[in-house]
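Using the sequences provided together with the hints, build the complete structure.
What follows is each chain in one-letter form.
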Amino acid sequence: MEPVGIDQHRPSTTTARSRRVEPRRLPVLVAAAAAVALAVWVTFLADGTPAGPATENPGKFVVTALDAVTFAGLLFVAASGFTLIFGLMRTVNMAHGSLFLLAAYIAIRVQEAMVGRSRNIDPADVAVLDWLVPLLVGAGVAAALGLVIQQVFLQWNEGQELRQALMTLAITVVLADQMLREFGGLAQRMVWPGAVTHFLSVMGERYAVTRLFMLGVAVLVGVLLWLWLTRTSMGMVIRAGVDDRQMVRALGINIRLVFAITFFVGSFLAGVGGVLGASFAGAAPGTDGSWLLNALVVVIIGGLGSLKGAAAGSLLYGAVVAFSPAYLPSQYSYYAIIMTFALLALVLAVRPYGLFGRPA
Amino acid sequence: MAHTSAAQSEPSGSAPVIEVRMVTVAFGGLLALRGVDLDIMPGERLAVIGPNGAGKSTLFNVIAGDIAPTAGKVAVKGQDCTYRPSRHRPRLGVARTYQKARTFDGLTVRDNIYLALAGHARRHRALWRSSVDARMRSTAANVAETVWLAGQLDHPAGQLAHGQKRQLELGMAIATGPDVMLLDEPASGLSRGERERLIEVLESLAPEVTLLLIEHDMDVAFRIAQRVVVMADGETVTAGSPAQVQKDTNVHRIYLGTEATA
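Going line by line, the protein sequences match chains A and B. The first sequence begins at 1 in full-length UniProt numbering and counts up one residue at a time. The second sequence begins at 1 in full-length UniProt numbering and counts up one residue at a time.
Take the hints with a grain of salt, since some may be wrong.
Said to hold, decoys possible - With beta-carbon atoms standing in for the labels, derived distance ranges:
1) B:206 <-> A:170: 51 to 61 angstroms
2) B:154 <-> A:32: 30 to 40 angstroms
3) A:220 <-> B:15: 53 to 63 angstroms
4) B:30 <-> A:155: 28 to 38 angstroms
5) B:204 <-> A:169: 51 to 61 angstroms
6) A:224 <-> B:159: 22 to 32 angstroms
7) A:35 <-> B:159: 25 to 35 angstroms
8) A:338 <-> B:30: 52 to 62 angstroms
9) B:206 <-> A:349: 50 to 60 angstroms
10) B:241 <-> A:159: 38 to 48 angstroms
11) B:73 <-> A:155: 28 to 38 angstroms
Calculated from the structure, these hints are not laboratory results. Note that beta-carbon positions come from the ideal geometry of N, C-alpha and C, so glycine has one too.
Structure below.
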């Protein structure tokens, strides 16, 4: 008989935190089958679609793939700040879209002031600095506002995720009204610098260099973020905080300062995304909500709090957004949006915490 | 029963590094600690033992600053720390480990130790430095060697076995060069071999380091400690050298649950 007495408990070697969630078999098979079926469809069968089968019309396929990757770049910039903030502080920042739109509007205003015209700016008149300076001003304002929101509303509610989500949601509503008053209800557009406003010829198709430029900015942002997180002590503290905030604090590290800086950087990234988005597709009331949704979809696919996940999620989401209108049969193009949610459902069925997510 | 508790040690001339005075902790109606007094002298190796529910962990958490006592006082190195949160303890030279190893699974062993060092340095500038700094590399490597993790220096902590995680946690505590180490059940869940290593590491600490451990494992407690305090029902029952405590009939009664025959 086992002696009953002084504790014999032995913590198991795998704790709940470190356990990777193993994918379930059936959903994996379904996902694999869906991926193969889609690849076959796109390559050989897609007759009667806007693009046609890839074997018959390779140019269209390459352009669609480029569209996917470049749009993924924009998605990544918009989502990376969101996932950074969530990963460290567990704050679901519902104001992320508002910061995105605010930076866009401010950048547009600054660009108008720099170029000296307010409508119909010709890209030829826009020097690289006329784009870059507005970008930094817009993102800087978003970052400063984000920091104020964090300091005034969120810091003292640390750990109260629902409260923080509701507060930032309220801020979104206020900001949306104020931006409507200040910037009006018409769609506005940031103008790309003339230096990148060209077209390339890709396998017989014209392709805008501005989209590749956008991808370049996104890659630069991703590399800088990665270097920051892996090569500096502050990045190390942030990664440690993602694992165990309390323990970081117990070591005597000033995690409040790290929280503030992370919120600043996350909001700055929202702003950079906003300026890219305004150059790419314009800014208008409602852009804030749709980009909050985009960021949410990306990080849910990729796994909340993971930068790798944000990159992977952006690529998958970008691929679905670019391919579905091109390769759905023409009479069903209208349903392209549904494919986004099919992707979401499929990913969550295989990995309930997202591709690179861990249980919180 | 002020200052007459059995837990008082013979005064060794210098002031106690940790003073616990009449500490009472109530969780609702439950008294987890009932007026506990405890003095820990510099360089002392003290083990607190007792059955489940005796109040060991509560006492530990009060000393570590994670629980504020309902009444009483805690002082570290003469400074009143009763209501100071735990994050101030490292600055006083107090390091601790947890009952369940808390390491940063996404970081390498080296980075885990570095963070412990950075937190201790407390300079905000530590946040701005590059993590590849030669001095910290060598310190981290030395510490890792002390706790038998030299071979795992660049492995993510998440891949370590349970025993190795405990070693790493101990290393993180040792890295800051503390005067006082608080160890919460350091031997729990360890294999026999790992336990021997733990004892060896603890015995190799500089003699001036004060050690307080809460332990279920009597073997570890009796081998490390110079003085053992036995707790039951939120009070200190007996204190003395391991040999004295082992002979004490009260202790037998507490642990074996038999009625006192005397």
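Q. Where does the structure disagree with the numbered hints, that is, which hint numbers, in rising order?
A. none
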